[in-house]
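K.L.:
Chain by chain, the residues:
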Amino acid sequence: MTRKSLLGGLAVSTTLLAAPAFAQDCPVKVGVLHSLSGTMAISETTLKDTVLMLVDQQNAKGGLLGCEIEAVVVDPASDWPLFAEKARELLTVSEVDVIFGSWTSVSRKSALPVLEELNGLMFYPVQYEGEESSKNVFYTGAAPNQQAIPAVDYFLEELGVESFALLGTDYVYPRTTNNILDSYLKSKGIADEDIFVNYTPFGHSDWATIVSDVVALGASGKQVGVISTINGDANVGFYKELAAQGVDAADIPVVAFSVGEEELSGLDTAPLVGHLAAWNYFQSADTPENEAFIAAWHDFIGDTSRVTNDPMEAHYIGFNMWVNAVTEAGTTDVDAVRAAMWGQEFPNLTGGMAVMNANHHLSKPVLIGEIRDDGQFDIISQTEEVPGDAWTDHLPESAPLKSDWKDLGCGMYNTETATCVQMTSNY
Amino acid sequence: MSKPDIAPRRSFLAENPSVMWFLGLLGLFTLGVTVLAEGFGLALLSTSMVKILGMTLCLCLIAVAMDVVWGYCGILSLGHFAFFGLGGYAIGMWLMYARTQGIVVESLANAPIPPTQEEINDAIATQIFGVVGSNELPLIWAFADSLFMQLLFVVLVPGLLALIFGWLAFRSRVTGVYLSILTQAMTLALSLYLFQNDSGLRGNNGLSGLQNIPGLLHLPQSTIALWFFWASAAALGLGYLFFAWLVSGKFGSVIRGIRDNEARVRFLGYHVESYKLVIFTLTAVISGLAGALYYPQAGIINPAEIAPIASIYLAVWVAIGGRGRLYGAVIGAAVVSLASSWFTGGGAPDIDLGFYTINWTDWWLVLLGLGFVAVTLFFPRGIGGLFDMLVRKP
Amino acid sequence: MRLTALLARAAALLILLACAFAMRPGAAVAQTALQPLLQEHRAELAKPSRTTIGPVISALLASDHPGMTGFLRKWEAREVYLRPEDGLFFYAEEAGDMLRLIDIDSGAAVAEVGSREVDQIRPNAGVRREVAAALVPYELNAPDPARRAEALDAIARSAEASQIAPLAASIEGETDPALKTRKERLLTLLVAQFGETKSERLDAIAGLGGDTSIEARSVLNQLTATRDGVATALPDDANIARVLEVGTDLTEAEAHDRLVAAGLAPPRQTAADLRDVLAQHIVDGHVGGVPLHQLDTTAARARAYEALEQAGTVPPRAAPDEVAQAVAAHVFYAEYLQPDPQITQAAEDALAATTRALGLYQTADLVLDGLSLASIFFLAAIGLAITFGVMGVINMAHGEFIMMGAYTGYVVQLFIPDYTVSLLIALPMAFAVTFGAGVAMERLVIRHLYKRPLETLLATFGISIALQQLAKNIFGTQARPLTAPDWLGGAITLNDIVGISTIRVAIFVLALIFLALLLYILRRTRLGLEVRAVTQNPGMAASMGIDPDRINMLTFGLGSGIAGIAGVAIGLYAQVTSEMGANYIVQSFMTVVVGGVGNVWGTLAGASLIGFLQKGIEWFNPSNTLAAQTWMVLFVILFIQFRPKGIVALKGRAAGD
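Residue numbers (numbering that gives the first Met the number 0), protein chains in the order written: chain A, 0 to 426; chain B, 0 to 393; chain C, 0 to 656.
Please keep in mind that the hints were generated in silico from the structure rather than gathered at the bench.
Do not rely on the hints blindly, as some may be mistaken.
The list that follows gives simulated cross-link-like pairs (lysine-lysine, DSSO-like), each with its CA atoms no further than 30 Å apart [to be verified]:
| hint | chain 1 | residue 1 | chain 2 | residue 2 |
| --- | --- | --- | --- | --- |
| 1 | C | Lys46 | C | Lys73 |
| 2 | A | Lys221 | C | Lys73 |
| 3 | A | Lys185 | C | Lys46 |
| 4 | A | Lys221 | C | Lys46 |
| 5 | A | Lys221 | C | Lys197 |
| 6 | C | Lys450 | B | Lys249 |
Chain A extracted, bound-state conformation:
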């Protein structure tokens, strides 16, 4: 026993020696946990570059707390267990002060236990299915009520859709989103037989039958609309089939939650004009902030044909909020920064002000865009800022749940029993 504590003491003293004496732990380290290889590299590499650009910009402005910011980039290679491993490495070996990372929900759920165990801090930039609020994660992407629900409202009210086809890739985001939408649609008086659901594997390419099935829904005499949570590459085949079968946006509109500027760059968009996407950001937003952001991006990446997209804006907001919170707190200490994050405001690229709420979700405007033939979107609807809802109101199990880290100190608070269900998050 004594020997062990001796060894422990030795270890402590060596760590102390290793650290530069009394310096305000310079440089400030920012971990980047995005896949640079494997299937998700498609989307995530862009986000890594975005963070690097933001770090460069901040360093040009004089760094943070008088320190240079240093980005530590690791590659979890689209391998979900590696997200846990790399997160641990970032927090314990590289000792980063914050992590920007993850795309898929499963990768986030893989990193979550590690973040909570080591009290790390992560900014997650992608729209997701909600039903989660971790003390150690700030969700800068859209929750379902900031993307799916407004899009469905748009379908119901503006397009008069009465019969819905919910098409998705078979994984958690489409499943949960479609569950929420299913119960939301029923609460709006849509009958069960007017909701067609289909799940396909990742990278699916044989869309002929499914598109015909959707077209056949029109025989009921109701206006048909498609809500697509199809992910990644599979969209290419899907939209090609839509075009081939001549599905006109005026007859059967398709709104997608995972198709942005980046995904459209793999397609000839001429036959898709008029189909929709719902996001919190479109590159075509006409504001001075966005113009500057796009210019900086093109400058950084050295290619003016590269597009910007919603998760990039999420990182832009998240990074700047974090910088402001650290400046306010005067330290990079996670607990202090977290407290400073609540209520943090930063201008959106699309106009208006994003606010970080106590449930670790942002208030952001919801935009609906129509695909143009140049691969960009015409913004046809932009709401006021909608606060992100960690637990949806449209599922019976989640309706009583609430997240409030500031006052309740709990991410999964049951308002019916007035108890905190759990302090760790649901992974």
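Keeping the supplied structure of chain A fixed, place chains B and C upon it in accordance with the hints.
P.N.:
Chains B and C in isolation, oriented as in the chain A frame:
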């Protein structure tokens, strides 16, 4: 600190000095890691490193199993990683259920009225399956509350699957590359099944948070990592010893005979199919055990883990390490998997050629692929072959 | 607010007047200007919504201003801008980075502004549909046939009773025969829905019987739409579609839910309700005399509730059979929305006539889809049928050859913008590139491994991951566009049910061509003879003067080259990514093995089996494609167990090894 190996028969060890060497080295390595680790020792090895080393030991164990079934018996199975994954899923179900049960019971304890059993079960199901949009516990989770049953499944599920599949395939005399393709199809079917959200195993999300061991939540991960490291080392040691013993005797001669000329062994009167079936099933069981030790260290298991490509990588490790010698498999698995994580983790420095910067993250797989071709062409005996040359020359 | 608005309006008028005078004093004589009319509805026009725009459009059209329809068309096409500072509407054209604003009435350029100084008005698709419907009477006789066709589309999308008269009137003067047929057909559909007299409606409905088009079925389905009803007795005045039997048509629980929803029965007490009620009556750690810690079973909770009930603190719970009683006391039925029974009967009859044809067509469509999928599998596997089937070489990099072909197509399109020409060049290019790659691979790697087939598998796997990563490094990880020329873009349709996209037909044809070509090469040419000789007995073949090295090289090159062409074809209908090959490799191997190795016909049989099987399983469970794939693979595994040599098994000596 840990001496995982039991004292084996003298004669067998005397005949096989390489086994002694291996066990000795493994013991030394375990001791070294223990001394250096954060949990008990000098804290020179980070917990994430201990976990990586522990997981590598599990991969070495399945590589040894793969070597037995391929290097010794000549069955190029592209399905052993599926067995590995099944073992992981079996133990993962208990880990997840028991941890969630703890959370649920604790949160319901504050309720004004004590919860009924149904309420507890409902809450557990909602916690686990809420993520994938369901709130009912599927039938296959019926025994998830029992550690004993799930441990039994770690052995039984891969074992039974291997037994049934092997019986069907060997009975029909499917051999060679056809068998490889068939095992690959089996892996594909299993991973496709698990990818479905309705599979009852949380689809693409898989089971997560497995590193938090129920009942041991108060212990730091540095300690738990070390425990699992020891368990993995013990499992590798025992597994190695077992397989070394298995392939050294008459049984070993017969399966090597099957590898070299199946028809001749059959004409000698041996029931080839039974031998193959025994080897196939045994190695599947060991693979399942290795998986059950691996995934609590990895923290998450999901269908992508058992995609067909993982099993091919397994064959690659064994081939690079050197087939037909157990330590070759261990070397192959350790070297390739550690090198992969070093190169893709940004550990290796980029090489600036002036006109182009070689970024290892991008080029590692190209190098691995081509290196692998080179090994197959020029060093069919792999790294282990180099060992042989070193040992025999003097 | 109002003052500024008034001022703005006055200013606008002044500007307008000034413009009018400055421009052409004579032209704008009696016309009132458009702008003031629009200003009356500025808010609705600037931020249009489907729900509110209808009356606005009617009001605007009611003004009978000659420029109004023109304005609405431009407004709908998003060519109208609003300048926030004065609230005026303008047309605009691009002028470099700036926008040149054009006055709506005079057509004169007014100013050049930055894009952020004005708001582009973007009516959404719902609003556009309303506008199109409102403009129908004006457009039906438009001189441009395209505009007339659009008006007819508008009728099809949003049919209204008011459209009957103008549509009927426009048929007479229609010159285009196709449009005339379309107009007549739409008229039938409209009359069936909204006709004035019952007899003309019945006639129109009868005319729709057996018509499988979506339009016709949608009209009939609307006419026969029902709503659920519940009452103590069947209402006399309702047009009842059918009475629902509890137990067969709906369960008792569902029936009770309907009663609850209709307010005819109180809701059942759920377990959660019970718990909440009990929690409200905790006295000194007891509920109804039962200690709290015992309340963890349903039975104890029921006891506690009964105790409370007897004490009179809570209302009595529903008796268990009350649900059954309530359900039994009511009748459940479905009621037509359409009140006239004769019309609903006619519509049902017409639908019944349609159903028979429908089933036939749906089967035909399923067969077409299966055929198409089979041809895709065949095309992906046919190269493998040569390298694996004929030569016995396991080539795990086959999928990457498919990918290389597709990327070749993409690169060719980068240089040649015309899709037809680029496709014609891409196909031979893809063949050449992958032929070269195949030959190189055979010479450098596979040649050394002919005696070790399992190691060929591993070595080619190494090449496969290297090629895949190389493609990522060169082309990036994003999917790349490979676009089919327009003549391959659409679909070939028999009717609204049976149809197939042209590109799939092209793939089918391509598959047939390759089948024929391969059969010809293998059976009728010198090369084919030599290939067969070398694969059956290399030693003997060599002694007959055949160079086995050359033959192996050529055969492997041929197989790889075909994979390249398959890649172009697959890329045209699906996505081009570095991983596209990996998606086909296992399936291709299964295709070859199931079909029977060493025989091109076998590969065809294997592809057909797998393709039709997958479509068949999908048909049973259309909501989950992944499940269909799982079952398909499982079937293949079992199939091989019981027929290891595949469907078309070679017999006798040809079976070789």
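K.L.:
All the hints need checking, so say for each whether the structure fits it.
P.N.:
Hints, verified against the model:
Only pairs whose Cα atoms come within 30 Å are accepted, and C/Lys46 paired with C/Lys73 is accepted, the gap being roughly 15 Å. Pair hint A/Lys221 plus C/Lys73 holds up; C-alpha atoms about 29 Å apart against a cutoff of 30 Å. A C-alpha spacing of about 29 Å is found between A/Lys185 and C/Lys46, which places the hinted pair at or below 30 Å, so the restraint holds. For the proposed pair A/Lys221 and C/Lys46, the alpha carbon gap of about 26 Å is at most 30 Å, so the pair holds.
The straight-line distance between the Cα atoms of A/Lys221 and C/Lys197 is roughly 24 Å, inside the 30 Å bound, and the hint therefore holds. Straight-line distance between C-alpha atoms of C/Lys450 and B/Lys249 comes to about 28 Å, which keeps the hinted pair within the 30 Å bound.
The structure agrees with every numbered hint stated previously.
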